[in-house]
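Asks: Sequence:
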Amino acid sequence: SVEEYLTKDVEKYYPLFGDIWIGTLADKDYADLFKDVDPKEVPRKNYLVALRFFNNDKSPEAGLSDWTNAYYNMKPEWLVHVASKRTEFARHPDSAEALAAPILLKKARIEWEGIVKNNKWNALPWEEKQAIYAARAESNLRMWADIELESNINKIPYGGDVYKAAMELGGKYLTAYWHQWKRLPKVEDASTICHRFGKQSRECGLVNGWANGVYAQRQEWESQAQQKQLEEIKAQRKFEAAVNQKREWRCTSTNNGAKLCKYY
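Each number in the numbering used here comes from the position in the sequence shown (counting from 1) with 893 added on.
Take the hints with a grain of salt, since some may be wrong.
Computed cross-link-like contacts, DSSO-like style, restricted to lysine-lysine with a CA-CA straight-line distance of at most 27 Å [claimed, not checked]:
| no. | residue 1 | residue 2 |
| --- | --- | --- |
| 1 | Lys1022 | Lys938 |
| 2 | Lys1013 | Lys1000 |
| 3 | Lys1048 | Lys933 |
| 4 | Lys1075 | Lys1092 |
| 5 | Lys1000 | Lys921 |
| 6 | Lys978 | Lys933 |
| 7 | Lys1000 | Lys978 |
| 8 | Lys1010 | Lys1048 |
| 9 | Lys1065 | Lys1079 |
| 10 | Lys999 | Lys938 |
| 11 | Lys1048 | Lys999 |
| 12 | Lys999 | Lys1010 |
| 13 | Lys1127 | Lys1152 |
| 14 | Lys1057 | Lys928 |
| 15 | Lys1010 | Lys921 |
| 16 | Lys933 | Lys999 |
| 17 | Lys938 | Lys1013 |
| 18 | Lys978 | Lys928 |
| 19 | Lys968 | Lys1000 |
| 20 | Lys1057 | Lys1010 |
| 21 | Lys978 | Lys999 |
| 22 | Lys1048 | Lys1022 |
| 23 | Lys999 | Lys921 |
Calculated from the structure, these hints are not laboratory results.
Please put together the full structure from these sequences, using the hints given.
Replies: In structure tokens, the structure reads:
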């Protein structure tokens, strides 16, 4: 608040400022701006801070500067910043209101356009929103993949944006990625590509042979592992049979009259 500002560190900040104005648009100007607008879409008024500085901090009688736009911030640190950079801010020689009006009108119109845009978005069907999201995502993916292609033409990252674009978009991204690596991070990626672009597509043809080779190798390894396991089981059974042949089969009577037979 103004009161808080004027009572806080007044000795530190007072010499910089000769006058402070805080105001907003006149009601008529605001009403004229939004006279044909749905009242629910009219943004609330904004306020603006304007300052005048002493032309000479050590000699107040030297007069005051033009009114200077300080936007919407009353924090002392910001006002000191405005003072030090005053030539970079909008100014008016005579009137704070004349300085503020075009700035506030522009801000109000921008906020109104934002409200209208947001309302239109909220009114869209869910399916249409999803299509827009998908289009934005694809556009962003293309942008980052193109940047990565240009930056790493001879060393495309293994799992970077080009890889993501190769999976989603195929085309030049998959071609460039395949030229670099001749494989995909996961063999299942090939199935995803063939499902997405079709089994007769160039993309599927590019990766399918490699994937089939990986699956065949896996199957061979699994077959070898199964064969090894069977051989180990046979060897164990053969060993147990040989041991049992050397044992004597005996039967003994238990307390309840039953017989218990086993190798000794």
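Asks: Okay, which hints does this one fail, numbers in order?
Replies: Hints 1, 3, 6, 8, 11, 13, 14, 18, 20, 22 contradicted; others consistent.
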